[in-house]
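Visitor: Next come the chains, spelled out residue by residue.
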Amino acid sequence: MSHAHFFFAGLVALALSACVAGTALASESIKIGFAGSLSGDLAPYGLPPLMAVQMVVKEINDQGGIQGRPVALLVEDDACKPELATNSATKLVAGGVKAVIGHTCSGPTKAALPIYQAAKVLVISPSATSALLNQDGEYPFFFRTIATDVVQAKTQVDFALQTLKAGKIAVLHDKGDYGKGLAEFARSLVERSGQAQVVLFEGVTPGAVDYSAVVQKIKRSEAEAVLFGGYHPEASKLVGQMRQKRLAIPFVSDDGVKNDTFIKVAGKDAEGVYATGPADASDNPITKAFREKFRQAQGTYPGAFFDNAVAAALALTNAIAKAGSTDPEAVAPILRSEQVATPFGPIGFDAKGEPVGIGVSLYQVRNGQFVQVR
Amino acid sequence: MEYFFEILFSGLTRGSVYALIALGYTMVYGIIGLINFAHGEMYMIGAFTALIVSSVLSIYGLPLPSILILAGLAAAIWAGAYGFTVERLAYRPLRGAPRLAPLISAIGMSIFLQNYILLAQTPDFVPFPSLVPEFAFLEPYSAIINSSGLTIMAVSTLVMCALILLIKFTRTGKAMRATAQDRKMALLVGINVDRIISLTFITGSALAAIGGLLIASHIGQINFAIGFIAGIKAFTAAVLGGIGSIPGAVLGSFVLGLTEAFATGYVSSDYEDVFAFSLLVLILIFRPAGLLGNAAAEKV
Numbered sequence: 001m002s003h004a005h006f007f008f009a010g011l012v013a014l015a016l017s018a019c020v021a022g023t024a025l026a027s028e029s030i031k032i033g034f035a036g037s038l039s040g041d042l043a044p045y046g047l048p049p050l051m052a053v054q055m056v057v058k059e060i061n062d063q064g065g066i067q068g069r070p071v072a073l074l075v076e077d078d079a080c081k082p083e084l085a086t087n088s089a090t091k092l093v094a095g096g097v098k099a100v101i102g103h104t105c106s107g108p109t110k111a112a113l114p115i116y117q118a119a120k121v122l123v124i125s126p127s128a129t130s131a132l133l134n135q136d137g138e139y140p141f142f143f144r145t146i147a148t149d150v151v152q153a154k155t156q157v158d159f160a161l162q163t164l165k166a167g168k169i170a171v172l173h174d175k176g177d178y179g180k181g182l183a184e185f186a187r188s189l190v191e192r193s194g195q196a197q198v199v200l201f202e203g204v205t206p207g208a209v210d211y212s213a214v215v216q217k218i219k220r221s222e223a224e225a226v227l228f229g230g231y232h233p234e235a236s237k238l239v240g241q242m243r244q245k246r247l248a249i250p251f252v253s254d255d256g257v258k259n260d261t262f263i264k265v266a267g268k269d270a271e272g273v274y275a276t277g278p279a280d281a282s283d284n285p286i287t288k289a290f291r292e293k294f295r296q297a298q299g300t301y302p303g304a305f306f307d308n309a310v311a312a313a314l315a316l317t318n319a320i321a322k323a324g325s326t327d328p329e330a331v332a333p334i335l336r337s338e339q340v341a342t343p344f345g346p347i348g349f350d351a352k353g354e355p356v357g358i359g360v361s362l363y364q365v366r367n368g369q370f371v372q373v374r
Numbered sequence: 001m002e003y004f005f006e007i008l009f010s011g012l013t014r015g016s017v018y019a020l021i022a023l024g025y026t027m028v029y030g031i032i033g034l035i036n037f038a039h040g041e042m043y044m045i046g047a048f049t050a051l052i053v054s055s056v057l058s059i060y061g062l063p064l065p066s067i068l069i070l071a072g073l074a075a076a077i078w079a080g081a082y083g084f085t086v087e088r089l090a091y092r093p094l095r096g097a098p099r100l101a102p103l104i105s106a107i108g109m110s111i112f113l114q115n116y117i118l119l120a121q122t123p124d125f126v127p128f129p130s131l132v133p134e135f136a137f138l139e140p141y142s143a144i145i146n147s148s149g150l151t152i153m154a155v156s157t158l159v160m161c162a163l164i165l166l167i168k169f170t171r172t173g174k175a176m177r178a179t180a181q182d183r184k185m186a187l188l189v190g191i192n193v194d195r196i197i198s199l200t201f202i203t204g205s206a207l208a209a210i211g212g213l214l215i216a217s218h219i220g221q222i223n224f225a226i227g228f229i230a231g232i233k234a235f236t237a238a239v240l241g242g243i244g245s246i247p248g249a250v251l252g253s254f255v256l257g258l259t260e261a262f263a264t265g266y267v268s269s270d271y272e273d274v275f276a277f278s279l280l281v282l283i284l285i286f287r288p289a290g291l292l293g294n295a296a297a298e299k300v
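Top line first, the protein sequences correspond to chains A and B. For what it's worth, the numbering used here labels the leading residue of the first sequence as 1, then goes sequentially. For what it's worth, the numbering used here labels the leading residue of the second sequence as 1, then goes sequentially.
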């Protein structure tokens, strides 16, 4: 009997001390995770968002943190690989993080979400555009600050049909989660429009040494435009070989291609290539302020997804401040109900975590730069 | 019919790209029986060396053919030096060890070199200038083949013939064959086996580097990881043709390249790898030593 009592008292004491320790920790820093592709081929998509988040965090900490508590950032690299993303997610969860900004690519985000879900961690991605992510709202704590592939595909198809007036369209992809998803939406949109037909729908092997067979096939299909879902290494090879084979039809791609590395690698072949990407927000004062700060620190203007990551960091920190905690149960409703000022203007989120107020624009390479097509 | 020829040439280009890398692979295997997984990295290092040398030379305004030759020489010498060093550091200490040990050492070397270039150069893709001049006589056929494709085909055929001549008819070649047949016996008759093996690695790496230069110039971009996929495909081609056999490597490469191109052209590029590897499995079932490999019973 006395033993049992003693045991019970011990439990109470333990629980109490745990509570004390809990509050002591809570009054220290607010931990936010960042996970994305910081190395490998797709590092150009992960590094600008990391810098954006670091800048927002630094600004908040310089102003005394969130309700007096400094924000600490835990950073993990997934190299845009699903198998590494699960590691990064596990590490962040083990590090006590309750909110993560990331991941960069759709495949890794898809792989990491169940881990975050099990640990009740809020995730807000600045760049994962796959519409298959959270399609049925199965992850109540998933948000993103970028328009999905459905919106991108719609912009591409509308442009191909109405502006380019293409009657025959070739749709290609890189067999990845992101590229193939986008290409499938584009195909169904073209077919549903009834104005054009998809004459070719194929996946190319990433990293292959030669795409001339596919290019010959495009040529034979007599397509008047190519829509490509995928990333810049394959896009630059495809465009290069199309131009070598004297195939001069328009090439319309996505935000996996809309960056300076594509222009640098494809060189003169990049001229005239179209790509969709996040709406241009360069007139917004918040955008201007952050881009200018980046330029002062790095000497150049930021690359892809920088503005989206600033938006993600602002929305997240704002919601944490209003909720007074990092508990996703408290933060998520605030993200859904309140508007927050971001580089894209005031934005909110719908029930599935999709952004309301962030759109897609179409760009074209002109004189070695992506210029918005109006 | 025109489409058939377009696809045929596309397959031949692909095949000769594989052949250029597979030749070095198969030569090293033929002589010391080691699958040199770092071979793809020699190809990548060759491409990077050629890029650096050609950028420097083009600043001095040299004509394109001389840039091509000088960059090729520099890449071959530099990658040859890497091949020599890798053999010295990673394979020679394991000469008497069980066969798996140098294999693991080779995989380790491959990972090390990739990450070394990633840190020393860049994680990004970098543009590679097209160093092969445009041949005017090819202009009417530009839809079928371009000058870099033709050059790759010519060079891989040339290299194959040169290697066969080297191995069949020269003193060094004789020593190489003797080393391949029985290392201890070769040593007893006065062949400097260590020197022959070093020479094999230097030649193999130099070939890979020249391949790196020509293929990068054809594709137009390189990064630290290009050696991996190219190496896997070339290895497949070498196995298909019969690893260790020099004409086999070329034959295997063309079979692989043509299968991929025709699968893409007449079925779908979604199934390109499916067709390529199904063919590999089929050939290995009926001819376990590959198309031209000799099915000598392994001594146990």
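In case anyone wonders, no lab produced these hints; they're calculated from the structure. Note that CB positions come from ideal geometry on N, CA and C, so glycine has one too. Each hint should be verified, as a subset may be incorrect.
[What the hints assert, rightly or not] Label-pair distances were calculated between CB atoms; the ranges are: (1) Gly272(A) - Thr157(B): 34 to 42 Å; (2) Glu28(A) - Ala81(B): 50 to 58 Å; (3) Ile111(B) - Arg220(A): 36 to 44 Å; (4) Lys120(A) - Val274(B): 37 to 45 Å; (5) Lys288(A) - Met1(B): 54 to 62 Å.
Visitor: Looking at the structure, which of the earlier hints fail to hold?
Guide: No hint contradicted; all consistent.
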